[in-house]
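> So the chains spell out like this:
Protein chains: 2
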Amino acid sequence: MLFTKKILVFSLAILMFGVYPQTANAQQTLNDVKEERGLTDADVLAATKTFMPRGGRDEYFGFIGTGNSGTMAVYGIPSMRIYKYVGVFSPEPWQGYGFDDESTLMLKKGSLDNRLYKYGDMRYPALAETNGKYNGMYLFYSDGANSRIALLGLDDFETKQVLMHPLFINAYPGVAVTENTEYVIQTSQYPTPWDGLAADVNADYDSKFKSGITFWQFTDEESEAGTGHHIGRMIKEESFTLELPPYTLDFFDAGRMDSYGYVVGLASKGGNNYIYVVDFNTLSTLGTKPVNDFAVVSIEDALAANAVAMIELPAPAKSVKVNPDGKYFLTAGDESFVFDFAKVKDAFANKTYSGKADGRIPVMDIAVVKHGSIILGDGVMDVVFEYRPGVVYSSVFNHKKIIRWNYETLEKEDELVLTFKPGQLMVPQGLSAEPHSNYLTVVDKEGLYENFANIGPVRPSFQHLIDISTDEMNDIYTMSIPQANLYGSVAVLRSTIKPIIRYPLGTNTRTGEISIYKTVAGQEKIEREGNRVHIFGTMIRSHITPEIVEVNEGDVVTFHLTNLERAEDETHGFTVDTYGVHGSFEPGKTASLTFTANRPGIFPYYCTEFCSALHLEMEGILLIKPKGWKGEKGEVEIKLTDEELAGYKINYEDKLEVIDATQDVINSVVTFLKENNYQDYPYVNALVEDAFDQLGKAATSKENHEKYAAEGKWKDAFLWAEQYWQYQVKTADAGLRAKKLLQEKISE
Amino acid sequence: MLFTKKILVFSLAILMFGVYPQTANAQQTLNDVKEERGLTDADVLAATKTFMPRGGRDEYFGFIGTGNSGTMAVYGIPSMRIYKYVGVFSPEPWQGYGFDDESTLMLKKGSLDNRLYKYGDMRYPALAETNGKYNGMYLFYSDGANSRIALLGLDDFETKQVLMHPLFINAYPGVAVTENTEYVIQTSQYPTPWDGLAADVNADYDSKFKSGITFWQFTDEESEAGTGHHIGRMIKEESFTLELPPYTLDFFDAGRMDSYGYVVGLASKGGNNYIYVVDFNTLSTLGTKPVNDFAVVSIEDALAANAVAMIELPAPAKSVKVNPDGKYFLTAGDESFVFDFAKVKDAFANKTYSGKADGRIPVMDIAVVKHGSIILGDGVMDVVFEYRPGVVYSSVFNHKKIIRWNYETLEKEDELVLTFKPGQLMVPQGLSAEPHSNYLTVVDKEGLYENFANIGPVRPSFQHLIDISTDEMNDIYTMSIPQANLYGSVAVLRSTIKPIIRYPLGTNTRTGEISIYKTVAGQEKIEREGNRVHIFGTMIRSHITPEIVEVNEGDVVTFHLTNLERAEDETHGFTVDTYGVHGSFEPGKTASLTFTANRPGIFPYYCTEFCSALHLEMEGILLIKPKGWKGEKGEVEIKLTDEELAGYKINYEDKLEVIDATQDVINSVVTFLKENNYQDYPYVNALVEDAFDQLGKAATSKENHEKYAAEGKWKDAFLWAEQYWQYQVKTADAGLRAKKLLQEKISE
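Residue numbers (the numbering used here), protein chains in the order written: chain A, 775 to 1522; chain B, 775 to 1522.
Next up, chain A with everything else stripped away, as it sits in the complex (with noise of 0.2 Å):
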């Protein structure tokens, strides 16, 4: 163009509005761009780490607890872009979670009533391990509110199993894992009775009160399915919860290696502050009571086993971490200890103790078991590792903030200063045998005005990341997580994870299995027995089929719903307008939404996801017939008139054509796959497989629409043709994709 833009919008806005319009100059050079908007060197530098181009990919997946949402946020590191939410302890709309049969059922069967918990308080997750690894399988969570857990599985980011602890009315909101998973930790944080009956808070507080570790037994099967899927799930017949006296316990943390085996967490009742030590190797072998049907360790006998002590501290910690290769565990703290695991083991053995808290149980000195500590400010809040032997970061809130340091030498090695008052980190691996080196997150609280924008009085929460793969650590990126309460997180190498793309057909994704309501194209029907009533349906663009279901005010009705799609990212939505049935249908899953029908009337269903041109077209009707209605049986038709049969018919016409120029295409794209031998690329032949099953897809459309048009039905004609066409376009998409992937892969 001739004009230069930035001289004739101003006078053109000016004209127009009487207002100077926002920044319309010729943004074109770094350094133009730097100074209109105020960036440093160090800012542009920062942009530079973090931004993610399309196409690009993140080192780190990041999950994050976001509190009273009861869901997990996933998000990449560095460009710290959130990807998904997921409904873990809560139900959750976008995913259909708690809205299926299928997830509802597992929620409700997880509970102690069978009631569908509405929120919860999850905090510090824990990633699944092999060998002291993360191994990119399994994320569990607590639920503080509601004495839950959680099992997630990785490879398709969804929630397979939350049960209700039997004994403890509130919980820590943190897990951690023992190192090949064997068990998964839970423990109470406020005290109460066990036994459901109420307490005089007072005279009862020390003989009724009670506080627990629970030992979730963990057992990981490869689904029968035969698809190498693994199932996940914690067997609550095999787990157990030792007794404790009425502490408040706080962050905790599993033994690896050398001290496998061993819980240590941070406990404190009137006024004083402990470490516990138990010994599960030891609690392991002991006889338990149930109560509530859940087996417990007494106290007793676990003290008579020599298998829990306390190790008293001067004041409270705020975090206990285990460190990589299990030898120390570390508080953090205002005075901030490094432990001995092979002095607390030689404690046990030889009943080193100092006195007993709480009248029984025995105490290590501190002088006993230590190896040393450091004071490093005022408000430390948290401590983490990387992989240089002896290095840690821990986060000091009052003085703002990071100070690396050696938990060997005991040595402060450098300092980050920051503007805000840091709270909980977290370095990718960093709760693994195997910790990184090159990011750093830190939780910052105050979503305060001078530092973001004004946006209500309630506030996200912030985190920051901190590049800390050179000497100098820097802050290089602030990150809003919106519907959170942050506290903590963990980050996986990203290519650690293996995630599906889609689902076997016909899968019920809550259990793994292929779900016994499976239906596929041309098996759809409507089954009736007494007022219960079973519809079989399939989604694929663009048709819901059944697109007409007729029931009787009263009936109790379930939509089984399959979603025949194999195309990448095709999931399809459905509800039931105003009647509160809605589910989510990724490519390949099955799930079913049962609802009583008690109000008659017309009640369109429809697809809720953009999932393609026609997507409005993917829309039925639901008829529920009133008690004593003399209604004709609906004809699926919808009379026309001869003016709109003729509109239908032209466009049917003009929709052949276009897809005989389409299949021109996948023919010249089919014969330079053939050539060039495609099937030697695992990624292009994974693209060509999905191409062809689209093309597998398009053959009943191909019959239908030349049925429909043979019998001058040319709306089903036009309307098949035009699916038809879509299956054709997938097939012409995902084939050129495969053609460009492999152009690439030939000239490497």
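Everything labelled a hint here was simulated from the structure, so no lab data went into it. One should not assume that every hint holds.
[What the hints assert, rightly or not] Cross-link-like lysine-lysine pairs, in silico, BS3-like; alpha carbons within 25 Å at most:
#1 B/K808 / A/K1423
#2 A/K1514 / B/K1481
#3 B/K1125 / A/K1514
#4 A/K1423 / A/K1481
#5 A/K808 / B/K808
#6 A/K1117 / A/K1144
#7 B/K1514 / A/K1174
#8 B/K1423 / A/K1489
#9 B/K1292 / B/K1476
#10 B/K1423 / A/K1130
#11 B/K1125 / B/K1101
#12 B/K1144 / B/K1299
#13 A/K982 / B/K1174
#14 B/K1174 / B/K1130
#15 A/K1175 / B/K1514
#16 A/K1401 / B/K982
#17 B/K1429 / A/K1175
#18 A/K1489 / B/K1299
Could you slot chain B onto chain A? The hints should help.
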């Protein structure tokens, strides 16, 4: 430090784990980082255009409807950082939306059957306007799935009203407003009968199925609380619906200025495609009849008054929008039409009709009312305006292009070729009379593995930011939008919105009025009448008052809680374990949580939002006494051992020293502020007010800790001293921020 870390860490990592650590290079120069991360110069420029350092401010707030999540996402442009999800049509635990009595009452009152609907289908929001310009006060959404309409207040970004449509079973999930927000317009999408009865889908379709356009009257008044706060509401009794034959309705828009009072929208029936044109000015003079207690203008009356016409389109369109000055309206379609409102008005006035749609609605010939048309390619999805007269952007889905063209000259200006199929477009201020021209966002529905990391079968929505501030369009950011099916959005200049930081003390945030349950410090109480128990409580760091509540099994219990905080971002959460009782309390907010105490036992209640270092101390105990229980009434104080008491005494004395030191800091700040006339600087003044407000609250804590110390109750003395110090710290903190700002202001 002396060693070269790069080399050291490499060796150590191999030694320790036998693995090559993740990139541990010295990423010091821009070029190093560029090369390592494989970025181009264009990437670095794009990064620099969107990077937002702490303290930076986005130019625009964008608002997204998240589809079936039923929540609104608020994000910043150009940082593309999501700040908030706000519960609109779905319960949302993070903010206690649909959990506390106030929001639950609002949601149920708006429904027709007192039900709490659990999800929505919300896509295209509309911002409130004054003289056709966004006024930054309100935002509206339509829920397609459950036929509701919602009003959000932008002073606190909360949902203020949700109404269920008395006629529609299914609504189009978009809204439009008239130029002074006199009316909020909502339409049906799929036709259904309006009488709530069944109908034969075939025989009754034309006689019983209906569509409609609803004009919700909107009023905006200043709150009686005298805070200057505005309360806007839709008035159902003053609203009405225009009845239409059973057309499937799609995107629509409202006229402005010259075309004020017209509504244009997409309609289809039996393969025919139309734009409906409705003349509201005439409609509003017509009589109505009630259907389901809602005023309806019959199609017969509307036709008799010449207030409705159709323009027949040769092919389906995907969007229709009125241009900034209200002279034209444009469609997005394979042939995109520009219609001239002056010609439409003439056609109405002279009844220049070429036929009838559905046998009765006058049809305007496209040739008579169009200004012109342009063919841009296959699958044109959307069209948006910028501030230069005539300039628009269209997304061409199948050709992966955004085309800039001129709707006056009907000429193409420029195009941007993308790597994905573009969907809906949005320009900040774009649906107002004053569109801006820095940025364009475009929906990218293709969450394919080749472009993004695989995160399982279900993917987020993506949207790209296009820099349109220069002659060349540039794709500068790819944003992930989790938990959303993104279709449309709107964005407003950030400074147009004036969000509050805190509420007037005791605010019922849903009504904007001061709650009758407002409770101030010292006025906490428990009232009982029969089995009805009201707890009037307060929350402030680090106490929930009362700390023990005793009720009887079967009591109906309400916690009415007021957050006494005046500090910024000092939200407290509240939950009663395993009881489904949960709320979020921003500074100043009063909300109520009602439940039936149907399970006896001890249930801790606590703050679920990290609020200070003593967050864990914000705990209380609810004792639900079983029927026939003989326990003593619990004392509030838990019995302590002498040793524990002595420990607290030391803690208390230490704290007193800290308090003295903190007071010195406060005194010096106060002196500086006074000497430098802080009250002359509004924002400084607000910070100082905040600081003094803290001090005001502190008096009671001081009295308490001194009283308990005198009584030898060292635990209480310590906790109250701790709380006094919390006030001091916050006072000092606010004061120091005020001082810093004042220093900056003085030096300006």
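> For a quick check of understanding: which of the numbered hints are violated here, in increasing order?
1, 2, 3, 8, 12, 13, 14 and 18
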